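Engineer: Modelling step: build the complete structure from the supplied sequences, incorporating the hints.
Just so you know, the sequence shown maps onto residues 1261 to 1497 in my numbering.
What the hints contain is simulated information worked out from the structure, not anything from laboratory work.
These figures come from a predicted structure and were not determined experimentally.
Be a bit skeptical, because a hint or two may be false.
[What the hints assert, rightly or not] Once the Cα atoms are required to be at most 20 Å apart in a straight line, the calculated PhoX-like pairs of lysine-lysine come out as:
| id | residue 1 | residue 2 |
| --- | --- | --- |
| 1 | 1416 | 1437 |
| 2 | 1416 | 1402 |
| 3 | 1437 | 1300 |
| 4 | 1465 | 1496 |
| 5 | 1300 | 1402 |
| 6 | 1300 | 1416 |
| 7 | 1402 | 1437 |
[What the hints assert, rightly or not] So the derived label-pair ranges between C-beta atoms look like this:
| id | residue 1 | residue 2 | range |
| --- | --- | --- | --- |
| 8 | 1438 | 1374 | 32 to 38 Å |
| 9 | 1461 | 1438 | 15 to 21 Å |
| 10 | 1331 | 1406 | 33 to 39 Å |
| 11 | 1316 | 1355 | 30 to 36 Å |
| 12 | 1338 | 1399 | 38 to 44 Å |
For each residue, glycine too, the CB sits at the ideal point set by N, CA and C.
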Amino acid sequence: MKRQCFLIGRFRNASTLQLFIASTLSLAPFAFAEPVPSAKEILDSARMLESRQQIDLQGQLRENEIVIPFRLTQTGPIIRYAFSNPDQVLRLRLGENNSRLDVVTGSGAENFAASQLNQKIRGTGITYEDLALKFLYWPNAKLAGEENVRTRSCWKLQLRAPSRQSQYSNVVLWIDKTSGALMRMESYDWNGQLAKRFEVVSAQKIDNRWFLKQMRVEELQPGTTKVQSRTYLEIKK
1261 MKRQCFLIGR FRNASTLQLF IASTLSLAPF AFAEPVPSAK EILDSARMLE SRQQIDLQGQ
1321 LRENEIVIPF RLTQTGPIIR YAFSNPDQVL RLRLGENNSR LDVVTGSGAE NFAASQLNQK
1381 IRGTGITYED LALKFLYWPN AKLAGEENVR TRSCWKLQLR APSRQSQYSN VVLWIDKTSG
1441 ALMRMESYDW NGQLAKRFEV VSAQKIDNRW FLKQMRVEEL QPGTTKVQSR TYLEIKK
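Structural biologist: See the structure below:
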């Protein structure tokens, strides 16, 4: 694939998920003063670029027979996920030092309770914490080297949770060296076991820009290497 920008989900996202969700993000090429940037520089650049996007896309979460449509919009640092049946709107604000996930109702917006972040989204393998992208703000990230993911040359970063508020003790990220796109993420539980794996499967070109087409999220059975569920984040044209 040519050296062009990817739009991914982190969920952002994405996304992971935006995903990575999240996240679904369009990142411009990185530019660093030094040949080998620090982990902090890589994350700082990724967060800055994420907060500049203008996006309006339709997508879905799919796990076996479960299909959950959603609309993803972004205006600068504000990202909105709108689900239906039942209606639910989540708003993610990407700040300089932290992210904030809100539930939006007719009476306003309320901060999503930290105690509920590890809940799964409508029975899928994706949690609200995955949507919140708080791992991008964890301090003391380390650059663990360089690896290829689906032919893309990536920086490999290791991040440790600053407290037990997260369901994850450690997160490993693979970030595209050219575009800054999050290509893969592995999340580990507090026993040091791999709990969840996120990976970009494919991309697509929409209006002359690269967007995430499909991201796979695998949830592992605790204490084993057996995959107990697979959820797909898919963006439609």
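Engineer: Each hint: holds or not?
Structural biologist: Hints, one by one, checked against the model:
1. 1416 x 1437: Cα-Cα ~10 Å, so holds.
2. 1416 x 1402: holds (9 Å)
3. 1437 x 1300: Cα-Cα ~14 Å, so holds.
4. 1465 x 1496: holds (11 Å)
5. 1300 x 1402: Distance of about 8 Å is within 20 Å: holds.
6. 1300 x 1416: holds (12 Å)
7. 1402 x 1437: holds (15 Å)
8. 1438 x 1374: 32 to 38 Å: holds (35 Å)
9. 1461 x 1438: 15 to 21 Å: holds (19 Å)
10. 1331 x 1406: 33 to 39 Å: Since residue 1331 and residue 1406 have Cβ atoms about 36 Å apart, the given range 33 to 39 Å holds.
11. 1316 x 1355: 30 to 36 Å: violated (22 Å)
12. 1338 x 1399: 38 to 44 Å: Given a distance of about 24 Å, which is not inside 38 to 44 Å, the answer is violated.
Hint compliance for this structure: hints 11 and 12 are not met, and every other hint is.
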